[in-house]
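Colleague: Chain by chain, the residues run as shown.
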Amino acid sequence: MSKAAIEVPPKGGFSFDLCRRNEMLVKKGLNAPSFLKTGTTIVGLVFQDGVILGADTRATEGPIVADKNCEKIHYIAPNIYCCGAGTAADTEAVTDMVSSQLTLHRHHTGRESRVVTALTLLKSHLFSYQGYVSAALVLGGVDFTGPHLHTIYPHGSTDTLPFATMGSGSLAAMAVFESKYREGLTRDEGVQLVAEAISSGIFNDLGSGSNVDICVLTKGHKEYLRNHLQPNPRTYISEKGYSFSKKTEVLLTKITPLRDSVHIIEGGDEMEE
Amino acid sequence: MGDSQYSFSLTTFSPSGKLVQIEHALTAVGSGQTSLGIKAANGVVIATEKKLPSILVDETSVQKIQSLTTNIGVVYSGMGPDFRVLVRKSRKQAEQYHRLYKESIPVTQLVRETATVMQEFTQSGGVRPFGVSLLVAGYDDKGPQLYQVDPSGSYFSWKASAMGKNVSNAKTFLEKRYTEDMELDDAVHTAILTLKEGFEGQISGKNIEIGIIGNDRKFRVLSPAEVDDYLQEVE
Chain R
1 MSKAAIEVPP KGGFSFDLCR RNEMLVKKGL NAPSFLKTGT TIVGLVFQDG
51 VILGADTRAT EGPIVADKNC EKIHYIAPNI YCCGAGTAAD TEAVTDMVSS
101 QLTLHRHHTG RESRVVTALT LLKSHLFSYQ GYVSAALVLG GVDFTGPHLH
151 TIYPHGSTDT LPFATMGSGS LAAMAVFESK YREGLTRDEG VQLVAEAISS
201 GIFNDLGSGS NVDICVLTKG HKEYLRNHLQ PNPRTYISEK GYSFSKKTEV
251 LLTKITPLRD SVHIIEGGDE MEE
Chain D
1 MGDSQYSFSL TTFSPSGKLV QIEHALTAVG SGQTSLGIKA ANGVVIATEK
51 KLPSILVDET SVQKIQSLTT NIGVVYSGMG PDFRVLVRKS RKQAEQYHRL
101 YKESIPVTQL VRETATVMQE FTQSGGVRPF GVSLLVAGYD DKGPQLYQVD
151 PSGSYFSWKA SAMGKNVSNA KTFLEKRYTE DMELDDAVHT AILTLKEGFE
201 GQISGKNIEI GIIGNDRKFR VLSPAEVDDY LQEVE
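Line by line, the protein sequences are chains R and D. So in my numbering, spot 127 of the first sequence is number 127, and the numbers just go up one at a time. So in my numbering, spot 194 of the second sequence is number 194, and the numbers just go up one at a time.
Simulated from the structure, these hints should not be mistaken for lab results. Where is the CB? At the ideal position from N, CA and C, for every residue including glycine. Among the hints, a few may not be true.
To be verified - Taking lysine-lysine and the BS3-like style, the derived pairs with C-alpha atoms no more than 30 Å apart in a straight line are: (1) D:K218 with D:K196; (2) D:K176 with D:K206; (3) D:K102 with R:K222; (4) D:K51 with D:K171; (5) R:K222 with D:K165; (6) D:K102 with D:K206; (7) D:K18 with D:K165; (8) D:K92 with R:K123; (9) R:K68 with R:K222; (10) D:K165 with R:K123; (11) D:K92 with R:K219; (12) D:K92 with D:K196; (13) D:K218 with R:K219; (14) D:K218 with D:K102; (15) R:K68 with D:K102; (16) D:K218 with D:K51; (17) R:K68 with R:K246; (18) D:K18 with D:K196; (19) D:K102 with R:K219; (20) R:K123 with R:K254; (21) D:K89 with D:K176; (22) R:K123 with D:K89; (23) D:K196 with D:K102; (24) D:K218 with D:K171; (25) D:K171 with R:K222.
What the hints assert, rightly or not - A few chain D residues facing chain R, derived, Cβ under 8 Å: (26) N71; (27) R91; (28) K92; (29) Q93; (30) E95; (31) K206.
As the list claims (entries may be wrong) - Computed far set for chain D versus chain R, every beta-carbon distance over 12 Å: (32) Q145; (33) V167; (34) A225.
With the rest of the complex left out, here is chain R:
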């Protein structure tokens, strides 16, 4: 219980001491670590009964596809889901953390979680890390006050929209939404439109690909359609089969026993090539 002599920064505000140190290191010639951008197409739209979220399933590491079928639609609460673009680890960790906080909150209040609560927890966390947590999210859910759809940017700003897209394929997907979205879509029309938007991202953006994941959220009910569309099937086995040459015949078997003792000649001749 003794008072330790730790230097505590003044309460409130940000401490930018490490930023100066980073700048100094870069001047001295240090290569600052670059961020791995994972291309993605994620979308969300509000339809008459709730919210539909969609995402592609490609995770990239530069020019390589790291995961052909990853899950980008994350669970936040039974009635709230979140699509994540940006650094995969950041989106996973941040949505996991907020999901945990909301579970605790639900236990304390005895009520269903609200989308604005998830929104505020996410944006305050991202803001406090000043954009270094590279997570761009599309948050959607249906709660007591109705269906909600929000976008959250890595620096902590948010938008509330009837339809939204994020990620490297967002322009391709937004083009589809802007031309075909209207209010009061039915569930099937909404799913169709989301699938089209994601497919547009998959085919026109290098950073997005593989399959389409969709999540339909309505009052008191959720439908997670994993791999709803698979426009890029991967055949692993050649249909013709592989033909290998016949096994070679064994003509002779000779076993040479190991020597019991070996004499080491120091300074001997080098081995001939």
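Given the coordinates of chain R, assemble chain D onto it according to the supplied hints.
Modeller: Just chain D now, with coordinates in the frame of chain R:
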């Protein structure tokens, strides 16, 4: 924990080797309202009296039985505010366990962590022990379980147990009535009868609380209407 001026513990040994503060805490528990728990073959039931200080108190605002996770519930005897603090801490510990290991916390682990918290308050500077004993009911992969945690931080697994004012009568009653292969519904009836033994006044769904957890592994507190139904079955 505690102000820096109080770096010494207020809970100190007596010459006879007892921790008097803990004895007093147990006395506080013993003068609290009766609560009990019964472990059935396919679930656990916990129950408590809910005697309010006046008829003017809104009984719907008081909930003595709380859930710690979806499959673990808890009831107490003793000081209500101390219980509230423990419930908050336990819920957080359960959620931290889940974040770390991505599995629901086993009942024994949660009981152990709660007991650790209670023990810390008997050995830290400037704090007093908690004035509650808890009955933790849970259903996990090991099946239905019932644990009692005391202010000292010791915990025991019980097949059936009672705490509070009427503890000796209640325990005697439970010893007579308990069978290993009891079903959850029978256990609820037994719990009601045990509470009725020492109950002053008219028992109803408004002045007792019952929490159950069955094979579905979902802990829930019965509504007053459901409790009244069980009461009618018992009569």
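Colleague: Now tell me if each hint is right for this structure.
Modeller: Now the hints, each set against the structure:
no.: 1; hint: D:K218 with D:K196; in the structure: 26 Å, holds
no.: 2; hint: D:K176 with D:K206; in the structure: 27 Å, holds
no.: 3; hint: D:K102 with R:K222; in the structure: 22 Å, holds
no.: 4; hint: D:K51 with D:K171; in the structure: 20 Å, holds
no.: 5; hint: R:K222 with D:K165; in the structure: 47 Å, violated
no.: 6; hint: D:K102 with D:K206; in the structure: 39 Å, violated
no.: 7; hint: D:K18 with D:K165; in the structure: 23 Å, holds
no.: 8; hint: D:K92 with R:K123; in the structure: 22 Å, holds
no.: 9; hint: R:K68 with R:K222; in the structure: 25 Å, holds
no.: 10; hint: D:K165 with R:K123; in the structure: 50 Å, violated
no.: 11; hint: D:K92 with R:K219; in the structure: 28 Å, holds
no.: 12; hint: D:K92 with D:K196; in the structure: 35 Å, violated
no.: 13; hint: D:K218 with R:K219; in the structure: 22 Å, holds
no.: 14; hint: D:K218 with D:K102; in the structure: 18 Å, holds
no.: 15; hint: R:K68 with D:K102; in the structure: 24 Å, holds
no.: 16; hint: D:K218 with D:K51; in the structure: 27 Å, holds
no.: 17; hint: R:K68 with R:K246; in the structure: 36 Å, violated
no.: 18; hint: D:K18 with D:K196; in the structure: 35 Å, violated
no.: 19; hint: D:K102 with R:K219; in the structure: 27 Å, holds
no.: 20; hint: R:K123 with R:K254; in the structure: 73 Å, violated
no.: 21; hint: D:K89 with D:K176; in the structure: 36 Å, violated
no.: 22; hint: R:K123 with D:K89; in the structure: 26 Å, holds
no.: 23; hint: D:K196 with D:K102; in the structure: 42 Å, violated
no.: 24; hint: D:K218 with D:K171; in the structure: 27 Å, holds
no.: 25; hint: D:K171 with R:K222; in the structure: 47 Å, violated
no.: 26; hint: N71; in the structure: 12 Å, violated
no.: 27; hint: R91; in the structure: 5 Å, holds
no.: 28; hint: K92; in the structure: 6 Å, holds
no.: 29; hint: Q93; in the structure: 10 Å, violated
no.: 30; hint: E95; in the structure: 5 Å, holds
no.: 31; hint: K206; in the structure: 19 Å, violated
no.: 32; hint: Q145; in the structure: 20 Å, holds
no.: 33; hint: V167; in the structure: 29 Å, holds
no.: 34; hint: A225; in the structure: 18 Å, holds
In this structure, the hints that do not hold are numbers 5, 6, 10, 12, 17, 18, 20, 21, 23, 25, 26, 29, 31, in rising order.
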